[in-house]
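The hints should help you fit chain B with the ligands onto chain A, whose structure is shown.
Chains A and B, in that order, give the protein sequences.
Just so you know, the working numbering puts 53 at position 69 of the first sequence, and the rest follows in order with no gaps.
The working numbering runs 166 ahead of the 1-based position in the second sequence.
Just so you know, the hints here were simulated from the structure itself, not pulled from any lab data.
On a predicted model such as this, the values are computed, not experimentally measured, just so you know.
Just so you know, not all the hints are guaranteed correct.
[Claimed, not checked] Heads up, incomplete: computed chain A residues facing chain B, CB under 7 Å, no partners named:
no.: 1; residue: GLN246
no.: 2; residue: ASP317
no.: 3; residue: ASP336
[Unchecked claim] Label-pair ranges, simulated between beta-carbon atoms:
no.: 4; chain 1: B; residue 1: GLU335; chain 2: A; residue 2: GLU171; range: 45 to 53 Å
no.: 5; chain 1: A; residue 1: ASP526; chain 2: B; residue 2: GLN529; range: 31 to 39 Å
no.: 6; chain 1: B; residue 1: GLU260; chain 2: A; residue 2: ASP399; range: 33 to 41 Å
no.: 7; chain 1: B; residue 1: GLN529; chain 2: A; residue 2: GLU126; range: 26 to 34 Å
no.: 8; chain 1: A; residue 1: GLY196; chain 2: B; residue 2: HIS528; range: 38 to 46 Å
no.: 9; chain 1: B; residue 1: MET167; chain 2: A; residue 2: LYS628; range: 43 to 51 Å
no.: 10; chain 1: A; residue 1: LYS(-13); chain 2: B; residue 2: ASN387; range: 53 to 61 Å
no.: 11; chain 1: A; residue 1: GLU98; chain 2: B; residue 2: GLU260; range: 54 to 62 Å
no.: 12; chain 1: A; residue 1: ASP526; chain 2: B; residue 2: GLU304; range: 18 to 26 Å
no.: 13; chain 1: A; residue 1: GLY25; chain 2: B; residue 2: GLU260; range: 53 to 61 Å
Positions of the beta carbon are idealized from the N, C-alpha and C atoms, including for glycine.
So the chains spell out like this:
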Amino acid sequence: MAKRTDIKKILIVGSGPIVIGQACEFDYSGTQACKALKSEGYQVILVNSNPATIMTDPEIADRTYVEPLTAEYLEAIIARERPDALLPTVGGQTALNLSVELAESGVLEKYGVELIGASLRAIKIAEDRLWFKDACARVGLECPRSQLVNNLKDARVFADKVGYPAVVRPSFTLGGTGGGIAFNPEEFDEITSRGLDLSPVHEVLVEEAVLGWKEFELEVMRDLADNVVVICSIENFDPMGVHTGDSITVAPAQTLTDKEYQRMRDWAQRIIREVGVDTGGSNIQFAVNPETGRMLVIEMNPRVSRSSALASKATGFPIAKIAAKLAVGFTLDEIPNDITRKTPASFEPTIDYVVVKIPKWQFEKFPGADRTLGTEMRSVGEVMAIGRTFQEALLKGMRSLETGKRFSMPRLPEDVLRRLLTVPTSERLNALFAALRQGMSQEEICRTTAIDPWFIRQMADIVALEQKLAAHTPETVPADLLREAKRTGFSDEHLAGLWNVEEAVVRQRRLALGYEAVFKRVDTCAAEFESFTPYLYSTYEDEDEAEPTDRKKIMILGSGPNRIGQGIEFDYCCCHASFALKEAGYETLMVNCNPETVSTDYDTSDRLYFEPLTLEDVLEIVDLEKPEGVIVQFGGQTPLKLAKALGEAGVPMWGTSVDSIDIAEDRERFAELVKKHEVLVPAHGSATTEEGALEAARRIGYPVVVRPSYVLGGRAMAIVYDEDSLREYMGYAVEAAPDHPILIDRFLEDAIELDVDAVSDGEDVVIAGVMQHIEEAGIHSGDSTAVIPPYIITQRDQDRIRRRTIQLAKALGVIGLINVQYAIYGGELYVLEVNPRASRTVPYVSKATGVPFARIAAKVMAGHSLRSLGITGEPRVEGYFVKAPVFPFNKFPLEDTVLGPEMKSTGEVMGSSPNFGEAYAKALLGAGVRLPLGGTAFISVNDNDKRPLVVSLARDLAALGFRLIATEGTREFLMRNGVEVGLVFKVHERERPNIVDRMINREVTLVINTPLGRSAFYDDTYIRRTALHLGIPCITTLSAATACVEGIRAIREGVSTIAALQEQHPVRV
Amino acid sequence: MEAILALEDGRIFKGKGYGAQTERGGEVVFNTSITGYQEIFTDPSYAGQIVCLTYPHIGNVGANLDDNEAGRPYIEALVVRDFSELASNWRAGETAEEFLRRHGIPVISDIDTRALVRHLRTHGAQRSILSTVSTDTEALVAKARALPPMVGLDLAKTVTVAKPYEWLEPSVELAREGKAPGAPRFRVVAYDFGIKQNILRRLVDVGCHVTVVPALTSAENVLAMKPDGVFLSNGPGDPEPCGYAVEAVRKLAGRVPIFGICLGHQIIGLALGGRTYKLKFGHHGANHPVKNLLTGKVEITAQNHGFAVDPDSLNPREVELTHQNLNDNTLEGLRHRSLPLFSVQYHPEASPGPHDSQYLFHQFAKLMQEFHN
Ligand SMILES: Nc1ncnc2c1ncn2[C@@H]1O[C@H](COP(=O)(O)OP(=O)(O)O)[C@@H](O)[C@H]1O
Ligand SMILES: Nc1ncnc2c1ncn2[C@@H]1O[C@H](COP(=O)(O)OP(=O)(O)O)[C@@H](O)[C@H]1O
Ligand SMILES: [Mg+2]
Ligand SMILES: [Mg+2]
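Bound-form chain A, shown alone:
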């Protein structure tokens, strides 16, 4: 069989913004798919609302639409582009659902677009839990007993039959949103009702729970000739009941005999054939009873997934790339294996190492949320580690997580420990080690956790070795024992902790004994064939296969696991640095430990080191490769934290000096700088004690912004209005960063905030973009909606901002990127923060301007001047580009949705248009907020907001035909100003119907609610929570509300523009 020639133009749908359950793994797979299809000569049309992706770089596809991922927009794009085919399987659940929608509504047929990869029927069978079970039954495979219901009553009847615990799973939601395990009837009612609401088809599946069974996954591929191969088997360390996305997972499976594994493989083949996924990758999950071996099929994802990204990284087999080629008619045996070159892709990778994936959670950002792990995914990111043994991979994975925690844990009381073991939470891994250290028996641990004894034994052996090592000092430790420790995966830091010495002491001793890491290759074939792709991991073995070249090389440190505040944007920058430096003639070395990313695609850099981003691990690579420079500027806080120590170790650092970075981060040094250059900053102080803080705040004046130093994403940052709140804050924040003081700033209330990105070569500074936030200062820049160019800032202020940015870049001797945050307050320009490094906004600015600033910055670091790169001035921006954040509140149902200085969003989208209102509305739509075109707007604003702006807002809404209702105070204020408004009761006013009733009755189409101050938060959180729950747009700032009005107006006027990036920036592309 061969490539199809009857199709020429292929539409690929991306996965949109990063959300929990759908992260940058789809940038990785989408980018691979686009590249693969383009290289085969197809014209690729890409739609993805997420500007922070590599896949939306203009050179990846032929036409790139950064437009909302909705059926309307896709139809418009299809009508405009007339593609021959749609590949629905590389953009996660989002793309799959949209493709189904387009197919079912007849759009695909109307425009003659063929679904390739998976047919509508196959997608539906795989996605509809009941159809899927039927399909399994048809080929003789067993699934848990279950029933699909569309109301609570039927659900109860079935649950009573199968008994509790029971699993509730909403149909067609992402990452299991809205599902859960109910242990009793009360819980069951709650989860079922929520699930019914969240399911787009108002349907849930109630299922017999098989908690504690072993959970496995197989990554399967099929081609049009019906060849089926298994790429990777994955065993979940956490048994059934914890979502695979929240489980520690291990590849390959460790506790299956060949008979059992082959049976699973046979089942997988039968399933993929029966479901009828024509080509591409699928993920199939199984549960196995540890006592009897009875096996059940849990689910299938007929598309590439988070697990397939992991499997690709774990084996070196690029599933998405191959899947794309299979979709256009190639068969597996026609595609070469990139790594061995001589062998075909029609084989099953075999590995001679162990891969461990550990999720990263951020419950600390959502204090109200329940930390229990269940059937719904909660983690925001993950790390992968490769080791020659499970122990080594596990320990490498743990240090990749950057939890900041030491390996040792305080002794825990028996009951606390037992609870931590029984109820799975983000703390369970640490608790397991604690239990072993405290002498709990392995049998008992297995009994309480249902984790396989083999894993527990491995961990017990680590603890036993730890105890043996602890009896020594760096001087007395026998060489063999130290070797064993390193071979087991102990880091120098871990050993230093055991011996209570500096890490450097351990390192010295280790090197004196000649124990250095060696590097082995990921080669898909366990060394049976020669490998041509330097995809490497470290281990402590005899033979090193790194074979460093003698080319000029540069090392780029990645950004580690995704987390809120440090995500795909930084990976985007790292990839660009790599592309740019390759162009500039360097060999590029990428170091990263995040399996979801494009940066850890072995195609991205010349050499990939899949390693933890710790000082030790980085130094081992530096010692081997001896790069000309190391770049820490692009990976966010993770590499920056290493900068100082790397510099001290004599590693050549490129770009802005470590010292300048320190000036920007260190409050005192920064204060000196601003003083010297007469830069206005908010009044500020710092304190290490509660008294000190109170005193500083008194001097500065309330309200104040408080935060621990050296944090990213505004972690533990708060706005404090009075002394009591400050006392309360000091109580928990000091714990957040014990070694660092608390910083206190005057809170510039109601100020306009702006972000500026610029690039400097040491001589010239060029502004990349000025972004105006829609929300006022006080809402973290990562959480606010922003627009390029600024839309209500005077030219004079803009000029001041540009001059100030240039001045700061020069003062800090920036080589590369710089980001400055400003607030305009009382007519003055304040600097809130200076980051002499790549910021979160770089990809957005690049997409808005069409200039790849990260690439330019990398070249500048390599010594090119901006002028020589043709970058002489700030790019002119045509039209408006609005960035909007996306929040994970639906995953944390107890959490208030109000925004503040601590970042909570997981991702972003961009909307663009010649018209600001439309750009804004499109950005919101991309972020999942569909502005109403009419109906009833509910307004409830705080006292500060009871000012003319709210009046004009209300008038505008009324003019657009909205009926207005408001709570008492707001209503009074508006009526006084001549606006006709109806009254609505708050819940505590005890009159019915109250606002919640009205929302539930779907009377309200828009909520404008601005809370202020701490106490107010608690008052009306229920309003926002109800809005979230019911999917009613809820706006929490007046400025955003004003922008909404413009958006609504634009949509109502029927302006509807779509444009490809390649059209928006024709010259630069």
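Then chain B with the ligands, alone, in the frame of chain A:
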């Protein structure tokens, strides 16, 4: 316990010893299968070989009564990166170490097995000694050099049964799913050159009544049993010295349907006038892509062989090449254009390995059926 693996070219690996306290010699080869170590231990084709398993954790699921391919392990010794002292699987009856110790087989673990594999990949399979009793490396290398080379070695003769016996058991999978095969429809005589029991089980599954006979059984004696088909098994060593079997096949060809696997395939190749040769480091694993040249489909196959049939040595007018290895294009299967005879180099019975090629057993049944009619 310390252990040493000494290669004939002088390369030494030092590690931890497990299993029996002893010294064993053989050709060291590597197998890349992730699962199925017990089946590998007990595959008689490994007679005369020390096996290095490339997957680092071996022993995790212990050993059980169902997963044996023969009455005892046949590997000379085992080389691994990590050997599990704990058996974690509901079917496990003992640990892998207990199993090997019971059968006198030594293990070396904690060595850089990947370095060994790369060494073998570059320098080819090597004679070597694994010792858990001596640390005299020079002496061990000398002993390795004194071992007989694999080329020219007839090991089939040493592992075959002494007396014929009947085999009645179906495969484990079928037994578990409760589907018993129907009454036997074919009488099959299986030559035992080191036969894996899963071949016998698969034959039973497709309706065969199997009589296993010693390697040296003459064609006349086989024909006297009036079989519907003859099966030629896998086995260890070089096919060339097995002249007796080649002779028997020549006499049987055309008179009764024949199916050969692995060594059986090589013997058929020789009987058809072809030539066999030794591969550099052989094929040992469960992930080899084989293309069925008749259907164009790719099968993922289990393989375990150090020798291969040279396709150019076969007469294309008589012999049709049916299967090809996609990794290195070596010959994986053939059939005679006019006589009822076919064979494959790989292991359709799997165990360990994927079940993609089970159809070959049905094909054998069909061939017997057609021949009968
Ligand atoms: N019947 C069940 N009993 C116990 N746990 C279950 C059951 N079904 C699913 N789970 C758990 O819930 C997780 C999510 O379920 P899954 O069907 O894979 O949904 P998703 O589409 O969200 O991945 C699984 O990984 C598994 O751990
Ligand atoms: N003095 C201040 N007055 C008003 N808002 C502030 C002030 N300082 C910080 N903020 C708000 O807090 C957000 C986060 O602060 P920032 O210093 O940028 O932290 P991070 O390092 O996490 O980006 C800013 O985007 C801004 O909205
Ligand atoms: Mg799942
Ligand atoms: Mg900031």
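Evaluated hints:
Because the smallest distance between the Cβ of GLN246/A and any Cβ of chain B comes to about 6 Å, under 7 Å, the interface hint for this residue holds. Taking 7 Å as the C-beta cut-off, the interface hint given for ASP317/A holds, the closest approach to chain B being about 5 Å. Taken as an interface hint, ASP336/A checks out: its beta carbon lies about 4 Å from the nearest beta carbon of chain B, inside 7 Å. Taking the beta carbon of each, GLU335/B and GLU171/A are about 49 Å apart, inside 45 to 53 Å as hinted.
Our hint of 31 to 39 Å for ASP526/A and GLN529/B is violated, since their Cβ atoms are close to 47 Å apart. In this structure the supplied range 33 to 41 Å holds for GLU260/B paired with ASP399/A, their Cβ-Cβ distance being about 38 Å. Taken as a hint, the range 26 to 34 Å holds for the pair GLN529/B and GLU126/A, whose Cβ atoms sit roughly 30 Å apart. Range check, GLY196/A to HIS528/B: Cβ separation about 40 Å, and the 38 to 46 Å hint holds.
Range check, MET167/B to LYS628/A: about 47 Å between beta-carbon atoms, so the 43 to 51 Å window is met. For LYS(-13)/A and ASN387/B, the Cβ-Cβ distance of about 56 Å falls inside the hinted range of 53 to 61 Å, so the restraint holds. Taking the beta carbon of each, GLU98/A and GLU260/B are about 56 Å apart, inside 54 to 62 Å as hinted. Look at ASP526/A against GLU304/B: about 20 Å separates their beta carbons, and that is inside 18 to 26 Å.
Taking 53 to 61 Å as the suggested C-beta distance range, the pair GLY25/A and GLU260/B conforms, at roughly 59 Å.
Checked against the numbered hints above, the structure breaks only hint 5 and satisfies the rest.
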